[in-house]
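Protein chains in written order, with the UniProt record's numbering: chain E, 1 to 407; chain L, 1 to 407.
Read the hints as simulated data drawn from the structure, not as lab findings.
Please note that the accuracy of each hint is not assured.
[Stated by the list, open to error] Selected chain L positions facing chain E (Cβ under 8 Å, derived; list incomplete):
hint	residue
1	S222
2	L223
3	V231
4	N260
5	Q261
6	H263
7	V265
8	P271
9	F274
10	N277
11	D278
12	R281
13	I284
14	K405
[Stated by the list, open to error] Below, computed lysine-lysine pairings styled on BS3-like, alpha-carbon distance capped at 25 Å:
hint	chain 1	residue 1	chain 2	residue 2
15	E	K229	E	K22
16	L	K368	E	K368
17	E	K71	E	K88
18	E	K368	L	K376
19	E	K376	E	K325
20	E	K325	E	K368
21	E	K58	E	K71
22	L	K325	L	K368
23	L	K229	E	K229
24	L	K368	E	K376
25	L	K342	L	K376
26	L	K22	L	K237
Glycine is no exception: its CB is placed at the ideal position from the N, C-alpha and C atoms.
Number of protein chains: 2
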Amino acid sequence: MAPYIATTSAPVNIACIKYWGKRDTKLILPTNSSLSVTLDQDHLRSTTTSRADSAFEKDRLWLNGVEEDIKPGGRMSTCIAEMKRLRKELVEDVDASAPALSTFAVHIASYNNFPTAAGLASSASGFAALTASLAALYALPCPPTALSLIARQGSGSACRSLYGGFVAWNAGTLPSGLDSHAVQVAPETHWPDIHALICVVSDTKKGTSSTSGMQRTVETSSLLQHRIKNVVPQRMKDISAAILARDFDRFAEITMADSNQFHAVALDTSPPIFYMNDVSRAIIAVVEEYNRVALLPENGGKRKAAYTYDAGPNAVIYAPAANMKEIISMIVRYFPQQDAFKDPFGLFGAAGAGTGALVSGFNADVAKIWEAGAVKGLIHTRVGGGPRVLSSEESLLGENGLPSKTA
Amino acid sequence: MAPYIATTSAPVNIACIKYWGKRDTKLILPTNSSLSVTLDQDHLRSTTTSRADSAFEKDRLWLNGVEEDIKPGGRMSTCIAEMKRLRKELVEDVDASAPALSTFAVHIASYNNFPTAAGLASSASGFAALTASLAALYALPCPPTALSLIARQGSGSACRSLYGGFVAWNAGTLPSGLDSHAVQVAPETHWPDIHALICVVSDTKKGTSSTSGMQRTVETSSLLQHRIKNVVPQRMKDISAAILARDFDRFAEITMADSNQFHAVALDTSPPIFYMNDVSRAIIAVVEEYNRVALLPENGGKRKAAYTYDAGPNAVIYAPAANMKEIISMIVRYFPQQDAFKDPFGLFGAAGAGTGALVSGFNADVAKIWEAGAVKGLIHTRVGGGPRVLSSEESLLGENGLPSKTA
Chain E
1 MAPYIATTSA PVNIACIKYW GKRDTKLILP TNSSLSVTLD QDHLRSTTTS
51 RADSAFEKDR LWLNGVEEDI KPGGRMSTCI AEMKRLRKEL VEDVDASAPA
101 LSTFAVHIAS YNNFPTAAGL ASSASGFAAL TASLAALYAL PCPPTALSLI
151 ARQGSGSACR SLYGGFVAWN AGTLPSGLDS HAVQVAPETH WPDIHALICV
201 VSDTKKGTSS TSGMQRTVET SSLLQHRIKN VVPQRMKDIS AAILARDFDR
251 FAEITMADSN QFHAVALDTS PPIFYMNDVS RAIIAVVEEY NRVALLPENG
301 GKRKAAYTYD AGPNAVIYAP AANMKEIISM IVRYFPQQDA FKDPFGLFGA
351 AGAGTGALVS GFNADVAKIW EAGAVKGLIH TRVGGGPRVL SSEESLLGEN
401 GLPSKTA
Chain L
1 MAPYIATTSA PVNIACIKYW GKRDTKLILP TNSSLSVTLD QDHLRSTTTS
51 RADSAFEKDR LWLNGVEEDI KPGGRMSTCI AEMKRLRKEL VEDVDASAPA
101 LSTFAVHIAS YNNFPTAAGL ASSASGFAAL TASLAALYAL PCPPTALSLI
151 ARQGSGSACR SLYGGFVAWN AGTLPSGLDS HAVQVAPETH WPDIHALICV
201 VSDTKKGTSS TSGMQRTVET SSLLQHRIKN VVPQRMKDIS AAILARDFDR
251 FAEITMADSN QFHAVALDTS PPIFYMNDVS RAIIAVVEEY NRVALLPENG
301 GKRKAAYTYD AGPNAVIYAP AANMKEIISM IVRYFPQQDA FKDPFGLFGA
351 AGAGTGALVS GFNADVAKIW EAGAVKGLIH TRVGGGPRVL SSEESLLGEN
401 GLPSKTA
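Extracted from the complex, chain E is given alone in its bound form (with noise of 0.2 Å):
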């Protein structure tokens, strides 16, 4: 008999709408909503394999070859233990000849296509895989909105990288939690023109972790309380219009005064939180002032990018593809590169992103020219779709049951 085994790929996703703050710690219910958009697993992705075996012994999950300790009431168990609830009242309480893979133990192989050194969160999409790969293994009858509950319980952002395209996460006010979860504002083929230059930046200095660093702006942050009741949700409606008009200029003007309302609220928290640091300032002063070229009449008026920064000093600029190139010129003027860009969509040629230029009328003052590696490496992607069920082929768990492939 084949053995219960099924592959998923997950997206990774940035949010533009920030999520920061819980209402509930181990539910993992946010105190206001948040937007994202998924990014292209064609480029970045967590893949996960899940197989349920009667001859295993216990629950087991390595995580980029090396195996994690799944423990008791924390995060990995509460989604592996609510899958496992799942199959068994959607699929075999209601279909006696279903084999009963709820009382089977699962072996679990999860990896990341990119770098855990590239500073991308590789939580969402790794929590995103999992379900994705429990709901595939047990042939859940579920639609992802359900499925972002459950991955919503390992990591809060991870709800987003259910769906693809332009995503919302509606924090809801049921303490169950229960309405907490992802819906598609539009799929990524509404608006496929939005792509995304990922910025990463060196950084020497140890950050807070967001689980830990949220908290503390929860408990002392006074403008936090008013970002939560009274600037969000009308940023929630706002950039749902305008991801449904495609209108990139409001896009941006909120996607970017969002981020740096998350980063005031982290500063006001005492101890004060830092995630962005002098490299991250220089590149939103280089992207404001592509924007007020931008923003000029006689060139159209209109915002051409739009930064935003998580939980670290990373850069993700979005865009639409026609300005990707003058985009990726510019910052390579200000931050050169040690390694040759790698060119996914072709726009540079044989000659590569040289040294960077800049448009015409752009004040090169706006920041000096950093040393090589003050960003170290650019990653171009897009806006992409949701979870993929893969075929055995890529199976990440040998016929033995361990990981088939080491980090």
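Chain L: place on chain E using the hints.
Below, chain L alone, put in the same frame as chain E:
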């Protein structure tokens, strides 16, 4: 006949509750009240000599030996005109024998004893010294509160330099601004134990001027209004109570929170405004760690230092005098000094501050050791008194009515 001439000096002040935003840009009426500590003129001061003479053709002003243009309707012009008006109304109109100095032109020479390169705002001490010297010249029977109404129209925070000690600037509510003036919360003699260490931080980036920056925050920050209405009023009460009770722990807690919140609303501005850089952040990390150790029950459970940052990267660290040696040792350890520490209070003796040291239990990893020059100077001072009238020997104008000293 002796010339009509007066020389005064005025102090620098550094706010604990920050002024950021005007409700009237012409009268310089703030959106919120603020509170500062006046620093000792023995270390930092502006000195101004004013002379009225019927032979002078027009009002003239020299700053550090360089003549400045007194623009009609500008801030200096407004202050001089207001002082002449007070001379007429309060002196000449009530005493017919008083010389009609209000009809004479004035020559004014002003010097700062700290270099512009130190990055310390000289506008507060400068306009306070201007106002105080004209008040002495005109023999105005005015308390500092009345003079503060005029200094405020030169530079908002100048109104707080008319008093020594701990000084509030009440925002007021009248459109005329007549209730927007400084009041002394407590004189320097109430709590002379408060010392200050100014850490002059190198910065490659030219910052946004506070005049333009604060109005951009008023126009674009969604958090500022909450700060104005719901945060600052309570903090003004709380820090005043802490000062009256000489409660440094509470004073420090509020001072640091308000510095961080000021920079948070600057960041919540579009485009965002950054005044602190990576060195500023590192100083915060070091002071926070120093307080973390101090807050341990076995160490007394109270904060021992408070950082605050104005519209620039420089830190000012307030602390009781007894902690200053530890603090200077700590700062010197992380930020090696190119020049020997000037030790005005003789804390270190002949050996000097050396290469620094940390208190027991301090986690040294909270910051890296920076290259010499990252903090390019340290100034140790303390709370001090209000403007002083100086003798004619300290006059900055020669007998010919022109500056006797060049920069």
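Outcome of the hint check:
1. S222: Where the cut-off is 8 Å and the nearest Cβ of chain E is about 5 Å from L:S222, the hint holds.
2. L223: Constraint on L:L223 satisfied, holds at 5 Å.
3. V231: holds, 5 Å
4. N260: With a minimum Cβ separation of about 5 Å from chain E (threshold 8 Å), the hint on L:N260 holds.
5. Q261: holds, 5 Å
6. H263: The hint holds - L:H263 has a Cβ within 8 Å of chain E, the shortest such distance being about 6 Å.
7. V265: holds, 7 Å
8. P271: holds, 4 Å
9. F274: holds, 5 Å
10. N277: Result: holds, 5 Å to nearest chain E Cβ.
11. D278: holds, 5 Å
12. R281: holds, 5 Å
13. I284: holds, 6 Å
14. K405: At about 35 Å, which exceeds the 8 Å cut-off, the nearest Cβ of chain E leaves the hint on L:K405 violated.
15. E:K229 - E:K22: holds, 14 Å
16. L:K368 - E:K368: holds, 23 Å
17. E:K71 - E:K88: holds, 22 Å
18. E:K368 - L:K376: holds, 20 Å
19. E:K376 - E:K325: holds, 19 Å
20. E:K325 - E:K368: With a Cα-Cα distance of about 21 Å, the restraint between E:K325 and E:K368 holds, given a limit of 25 Å.
21. E:K58 - E:K71: holds, 12 Å
22. L:K325 - L:K368: The hint holds at about 21 Å.
23. L:K229 - E:K229: holds, 16 Å
24. L:K368 - E:K376: holds, 20 Å
25. L:K342 - L:K376: Cα-Cα ~13 Å, so holds.
26. L:K22 - L:K237: With a Cα-Cα distance of about 21 Å, the restraint between L:K22 and L:K237 holds, given a limit of 25 Å.
This entry does not satisfy hint 14, going by the numbered hints stated previously; all others are met.
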